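Read top to bottom, the protein sequences are chains A, B and C.
Counting from 1, one number per residue, gives the positions in the first sequence under the working numbering.
Counting from 1001, one number per residue, gives the positions in the second sequence under the working numbering.
Counting from 2001, one number per residue, gives the positions in the third sequence under the working numbering.
No wet-lab data here; the hints were simulated from the structure.
No false leads were slipped in.
In silico lysine-lysine, DSBU-like type, Cα no more than 35 Å apart, as pairs:
1. A:K152 with A:K204
2. A:K258 with A:K39
3. C:K2280 with B:K1186
4. A:K92 with B:K1221
5. B:K1221 with A:K152
6. B:K1221 with A:K204
7. B:K1124 with C:K2033
8. A:K204 with A:K92
9. A:K258 with A:K205
10. B:K1221 with A:K205
11. B:K1124 with A:K92
12. A:K39 with B:K1221
Computed from a predicted structure; not experimentally measured.
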Amino acid sequence: MGQHIMSDAVISVRNLQVEFVTRRATLRAIDGVSFDIAKGEVLGVVGESGAGKSVTGAAIIGLIEPPGRISGGEILLNGRRIDNLPPDEMRKIRGRKVAMIFQDPLTSLNPLFRVGEQLIETIRTHLPMNERQARDRAIELLTEVGIPAPEKRIDGYPHEFSGGMRQRVVIALALCAEPDFIVADEPTTALDVSVQAQIISLIKKLGRERGMAVMLVTHDMGVIAETADRVAVMYAGRVAEIGPVRDVVQRPMHPYAKGLMGAIPTLEAATDRLVQIPGSMPRLSSIPRGCAFNPRCGEAFARCFVDQPVPLPVQGRHVACHLYETMEAVR
Amino acid sequence: MLAYLLRSLTQATLVMLAVAFIAFSMFRYVGDPVASIVGQDATLKDRQELAESLGLNDPFPLQFARFLGNAVQGDFGVSYRQGRPVADLLIERLPATIELAVLSAIVALGLGLVLGIYAALNRKGVIANIVMSLSLIGVSLPTFLIGIGLIFLFSVYLRWLPSFGRGDVVAFGWWTTGLLTDSGRKSLIMPVITLGFFQLTLIMRLVRAEMLEVMRTEYIKFARARGLSDGSVHFRHALRNAMVPVITITGLQLGSIIAFAIVTETVFNWPGLGALFVRSVEVVDIPVMAAYLMFVGLVFVVVNLIVDMLYFLVDPRLRGGATVPAR
Amino acid sequence: MSHRAAAPQPRLKLTWKERVAIWRDSDLWLSFKASPVAIMSTAVTLLIVIAAIFADVLAPQDAFDPVALNLLDGFAHPMERGAGSNMLFVMGSDEQGRDIFSALFYGTRLSLLVGVASVIFSMVLGIGLGLLAGYLGGKIEMLIMRVADIQLSFPAILIALLIFGVARGLIPPQQYETTAVFVIIIAIGLSNWAQYARTVRASTLVERNKEYVQAARLMGISGFGIMARHVLPNVMGPVLVIATINLALAIIEEATLSFLGVGLPITQPSLGTLIRSGQKFLLSGEWWILFFPAMMLVILALAINLLGDWLRDALNPKLR
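Bound conformation, chain A alone (with noise of 0.2 Å):
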């Protein structure tokens, strides 16, 4: 694919594809991405819905279900092939090496069980530890997370936390192990505006302490902006550009980029209307041939309606736009 592949990379995602099986088709969700992520680094993976954030999150963390598959490519977790280990293995590394944080707190919690219940069983599940020791850490990660007084409000069952509390909660499930990897899947878009900005900079401040890495989908551009260190747009199940925060936000090359960056509101640009992209994301079962974004594009010529283009890397990231093809030749 051309992309290096970086030394110290925790999660190295390799030209993976993830199929749909429907009665009426087959549907290739996820077609071709690779990205690494390092430890300490936070990769912000943006794009609309159905563009395979979300189904690429669930792929290295293995909870793809049926009728989905990973079809092609493969996941490496610390240099270790992780993608197709039977079903016992996956599950000892789950939650143990790689963790996820589900969109609404609300629903990811099981509202019968009291919280401290649940932190105990998750992280007896994974350390030996007794009872004890097990209730002693669960208050620990309470502590850290952020819940005050967490010796009484383990005892409490999830409808007794606020929403932002909740999530901390859910966050605190997904450390109980350290793992070295984590999937935050839209961590605050079920979250008041008011408590959005703490969430954020408590899975940005915990990914530094403890050196993990983090994949963050959101398709938030400001708290891209805020958090990560590197960010991924991804188009139809594919990933259009990829590079630097500053680079990709601030001088986006790839003309969906551009245009999901214009999409944000700046103060600067308070007064002009908010540019948007013509037209909507195609469906699984009608992605056009060439490049999947050629009927929303300004800049389309005769070969993005032919060739598919391949991420290239391109002024210090990665592009997938025949556009940048020659101009990286001739440099």
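Keeping the supplied structure of chain A fixed, place chains B and C upon it in accordance with the hints.
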């Protein structure tokens, strides 16, 4: 907690009063209390005197209050046809019905849970599909035909089990049980299967549907994402959540087993309350009908109370005092 | 759904509506064509209904006219010729020489008649009460829905038995036979209205607060009729599903009541009555007198149930 309990109790009392009201209306206006005592030949004067002494000319609320007071003391009047106090008839037949209903409930609940969970966890499996198809046939199969089919197979063809009655029973005071004798146990098998079958299919389908519903929730996905074992995800997390609605609905179903026993008892000539009730409907024995209605109402209300309590134990959201609908 | 969306372009709105209608139609049709179970159960149900309607023409024997029976034909085995009339008894005969095959036609007719009539009765009652509860609100709504709740938690068979018993108490014994069909239709109908009422009330609550009902009220016109016209088309789908499944239940309920001896008399036998009268021969070996009516009842109930099951899934894509 106390408020919750109180609300349940109030509701139970209201339902019981409504049932009593219907029973009383039947008792008072459908049947003819006077004719049933003195017969057709009595003179008008005799009838009026009797009506007066029975308090039939008193204002309605007073009569209703008297009816309630008698009912609470276990006095439901005298059977038109058998000339014996209704309460005696009921007590005599109560053990047979209770034994049958409780055993059926245990079978239906136990097997229904196991099969329902199995069918949910092995949704695509061959056995699960066979069980589900059979359960649909079970729903279309009238209870009395199941009983007749069993009699034909096990009594007429194989000659293994008796086709009617309770067999030999052992008495403990007013209570009788067939569980302690060989013929009693043999006699129980077919009626229990017949009565439990419909509830079994119902509970099984419900458990399966609820389990599947819960398995799709985010908290189950999150539990998997934390690497919890399948055993814990299925039987600790999913099952407990699935049980919340299952308790309510099966609770009500089990309460109605008592009433469903009407059919089973008739098929097997089982000397229980249901058979008594059918007889009384056939011959319009109003006091027996009214008393049976009160009895079923009481069972229903008690089962409801138990369900409410269980619900309270299972779902912590209710304990906070706030009423949060399930899920 | 939304009336406002395409308001500026009436032409567009029309085609959109047409498209939805066509798509829906074809979807239901597609799912019907794709479901062998649905096709089979429809075929079986139709066959039975036709046989029941034309019972007089199709049945070989006028099974419930004593004049047509020959006692010498009694207890003929299936596929045996009667000793008296030399007639072929495909499904055997009973003790009076009644042809079971012919009896099935008449029994099915009565079972279907009682089933359909009681479903219509409970449907009309349930829809009416549901609309009323939703429209009036307040205490009347609470009362209706409370009664529905309580009734739903008791088995229908018990309620039907009670109603039957009360009716018996009010009707003089000489008229039992002539009124039996009506009593049983009312008893079954009254025991099954609650589900319709619940469904209809839920839809009515949505409509009640819409502007056109409020406007009608302000103008002093009763909004009830107008609202009913808006609610009814919306609930037709669910009501149809409930009615189909209830038809199977009502047929079983009638059979059960008749089997218990509190339904239709032997002079007007339904499938349940036939089964009841066949039960006494089970122990002595004349199994066919009971077997064929029982099979007929199961096939009829199963076919209608499967149809209802399919209909529910087809009208509610979310369940798939």
